Amino acid sequence: MNGQGGLRLVAVDAAAAAQGLAPGMMLGDARSLVPHVHAAEADAAGDAAALDDLADWCTRYSPWAATDGADGICIDVSGVAHLFGGEATLIADLRARLARAGIVSEIAIADTAAAAWALARFGRGGVVPPGGTAAAVSPLPSAALRLPADVAADLERLGLGTVADVARLPRGPLAARFGAGLLERLDRILGHSDGPISPRHPPAAWRTRMNFAEPVGRPEDVALTAERLLERLCVMLGEASLGARRLVLACYRVDGDVQRVVVGTSRPVRAPVRLMRLFRDKLGGIDPGFGIETMLLEAGVAEALPASQADFAGSKDAVGDDLAALVDRLQNRLGPAQVVQLAPCDSHEPVRVVTVIPALSRAFADEWPVSGPRPVRLLPSPEPIEATAPVPDDPPVRFRWRRVDHRVVRADGPERIAPEWWREDRARRSRDYYRIEDEAGRRFWVYRDGAYRPGQPPRWYLHGLFA
Amino acid sequence: MSDAQAVPVDALPVLAALRVELARIERHAPVDGVAGLGDAVLDAALPWGGLRRGGLHEIAGAGHEAAASGFAAGLLARLLVPASEANASAHGMVLWCRLARDGRERGVPYGPGLARFGLTPSRLILVETRRAAEALWAMEEGLRCRRLVAVLGEGLPCDLVASRRLQLAAEAGGATALLVSHAAASASVALSRWRVKPLPSRPLPGGGPGPPRWQVALWRCRGGGNGEWCVEWNDASRRFAVVAALADRPLAAAV
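Protein chains in written order, with the numbering used here: chain A, 19 to 485; chain B, 28 to 282.
Rather than coming from a laboratory, the hints here were simulated on the basis of the structure.
Bear in mind that the values here come from a model prediction, so they are computed numbers and not experimental data.
Beta carbons: idealized from backbone N, C-alpha and C, even for Gly.
Careful: at least some of the hints might be erroneous.
Partial pick of chain B residues on the chain A-facing surface, computed with a CB cut under 8 angstroms [what the hints assert, rightly or not]:
| id | residue |
| --- | --- |
| 1 | PRO139 |
| 2 | LEU151 |
| 3 | VAL154 |
Same shape as in the complex, but just chain A (with noise of 0.2 angstroms):
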């Protein structure tokens, strides 16, 4: 419900439309034809969810599955209804699988979407042949034509009621009447042309699918069913001689839920038995509910692999292919930002000198560039310290960090590590970097902040702790 000028009835159900409700009508009308009406706030984010909710479960029959308004789903079934016994009998399975899920539809195959969506909503859904959607949207209203309101208002006011009204008059003076738009969706609504789904979610070329008869629930039984698809796409990739980068195993549940794991690997990978390791630490996290009817594994993201590395087993590519697969366990378990390598980068600012990349995504190299003494333990963020220096330029004598006082016994500096220039970063100060040693023993990289000025109290830090 909703208001304007007052709560107003945005859906009725199918025994309210019986008592004579719509949707539109006041609330307070409402009441007095059906006194124990029972109403609810509309909840559209809610809606909206559920429906793509219900989209997602779509891609069971194809990946090209999207929301369609507020109300509808776009399914393009070419290529796949054989797959579940021809265009009648999919529609009879959505059909029933939807009525079991407590949801009223509407279904309709035709040559495009926009004429689909006419005939699901004005028309009495169903399959139209080929070349047969012309003559099917002929006598539906020209609301199917799915125009904006003020256009339908005009054309119903010109008494243009039907799509054939339209369909009739000559192009030219209608396209200048009503604009483009309304000759593009009547091209599509007639079959003439046909527009975009964006699917939910981008299909895989490579994929591969299991039905079950009676729905699976057992982990034991979800582990096997990912074994056997593992080994049926390790058997097509490696046919185009690709390996999987990503995998996407999605299990569609009875209940219209669908559960998606997802498998990163560091290098292109065909062998079963590495990916379903991999799979094995996330199968746990599949929750099969009241069971699980399909389940769909794709490659979504593949390279080249070429048979060689693959198959010579106790080679050196074995070798560093062991190294890949701890990687991807590690990263797959931990997540990709937590496993890294550190890389030299061409700086000379101490926090700018090393990236970190992801674990083996480049070549190794051992040249590391040489720089000055440097500690082992940097500290994220430097610290504040305390710092009594007898001249300006030397190094402290003692300084005080964590509520602890050293004494510096020895020093070393000062190092000038200057920011860079071309970095758009005003506020840096040059840095005159020292290496103290205290008493104890104990190392550590402090540095002043900015030049000495007099007067002016210097700041220091402490950055790093040496071995």
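Take the given structure of chain A and dock chain B to it, following the hints.
Structure of chain B alone, referenced to chain A:
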């Protein structure tokens, strides 16, 4: 062992033979399973003549994380020295596991600093986890990987069971496990247990701090004794060196 005292005397040779057999099965791998530390005194103190590969070793640096990191980095560098010419070309890698929350307090491993210990940062795979259990899991996984030379875990609470698991994984995979602990020592089956504390360094001619110097104590070692030394790390030769405590030798003599 208490049961052994109850067996008849004529069974003793059998038992002795079994013990020998057990020792053979359990550990004492091929000769190249040892990494020399570069110093005769230290190597002699270890029953294997160096650091035993394929086992767990523990370094405690309570309050001296940087010193412990340096010592551990030195050990890793020694472990990365190829055991034989045959696999000299293989790029040995090291897995370094730590807890994310430790970074703020204790700092994070810094590549350029580790490079000075001969531990090329490209050879490191850094793992940062939220929970200690995840880090221990990552260590175990790593120890089973043949491409890893060593797996280091720092700041992880490790009880007897966890240490046993690491030891077994290390034995199975052949990689060396190093545990750098921040807390007080707990029960462990580590082959060797070390304590590291910084010592004032030998000053450079200009008065700056010299090469890192620590008080290194080997306080528990399976099948060996214990000892305590003043140890220095030599950047150039990438080896440990036992120096006389408080020695203030001229620079030329030390290098």
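Evaluated hints:
Because the closest C-beta pair between PRO139 of chain B and chain A is about 4 angstroms apart, less than 8 angstroms, the hint holds. Restraint check, LEU151 of chain B versus chain A: the minimum CB separation of about 6 angstroms is within 8 angstroms; hint holds. Look at VAL154 of chain B: its Cβ gets to within about 5 angstroms of chain A, closer than 8 angstroms, so that hint holds up.
When each numbered hint is compared with the structure, no violation occurs for any of them.
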